[in-house]
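Engineer: Turn these sequences into a full structure, and let the hints guide you.
One point on numbering: in our numbering, the residue at position 111 of the sequence shown is 111, and numbering is uninterrupted.
Among the hints, a few may not be true.
[Said to hold, decoys possible] Quick list of the computed label-pair ranges, beta carbon to beta carbon:
1. Ala37 x Ser7: 43 to 51 Å
2. Phe36 x Ile5: 16 to 24 Å
3. Leu168 x Ser35: 37 to 45 Å
4. Thr74 x Pro38: 15 to 23 Å
5. Val88 x Glu229: 15 to 23 Å
It should be emphasised that the hints constitute simulated quantities derived from the structure, not laboratory data.
Every residue gets a Cβ at the ideal spot worked out from N, C-alpha and C, and that includes glycine.
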Amino acid sequence: MFEQINSKVVKVDIGAVGGVVARAGAMLFYTGDVSFAPHEIPGGAGMGGGGGLVRMAGRMMAGEHQRTMLAQGTGQVHYGFAGLEVQVVPLQPGAMLQVEASRLLAYTAGLQTSVVSVASSGGGGGGGIMGALRGAASGALTGQGMFTTQLSGHGSAVLLAHGGYLELPIGGPNPVVIDPQAFIASYGNVHTELKAAVSWRDAVGRGSGEAMQLQCAGQGVVYVQASEEKL
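Structural biologist: Printed below as a string of structure tokens:
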């Protein structure tokens, strides 16, 4: 799996893990016989009949779409991005990692992946096209994108953060409330829901992530960065 070299760089044996999908521009250097090709994450779960249109519009609004590259072959590849902090998260079968697209550096290619809308994964937006568009509007206000990358299976992923990480356990009687701009990912059986902290009119006027709150409940871990900076 991934080996953390320092707080900002990881390396991986491509042949041992059967390939790695990483954010375009994240490869620092490699040794061995490694090839790289563009890669597309499947998407559209829960988006209804207008999934393709809504998915494209939402990505344009939220800036969520990240180009990815598939590395295959034999050799070792080192990854990092923009001097940001990195964190390796091992995944176990039965658990799920949901991560903001802009905060995912790389993952082993054997993981099952999809791109889901906030509206279809507990974001409070409802279903169908209108629900997805409401999710996009919330994402534009909070800094949290409309789309979340969902990974499951056996493997590992690498997260990005600005200013370092906090791992918050989820599982008590009360939900943990997070600034959406600080949210990186959730792991386990964690349910997230966006809640308005002030009126919609005030939220639009202020344009601040503090106008919305992200409530996290269930069982698992939430990763939070020590910054509100959008990656």
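Engineer: Compare the structure with the hints numbered earlier in the document and write down the numbers of the violated ones, lowest to highest.
Structural biologist: 1
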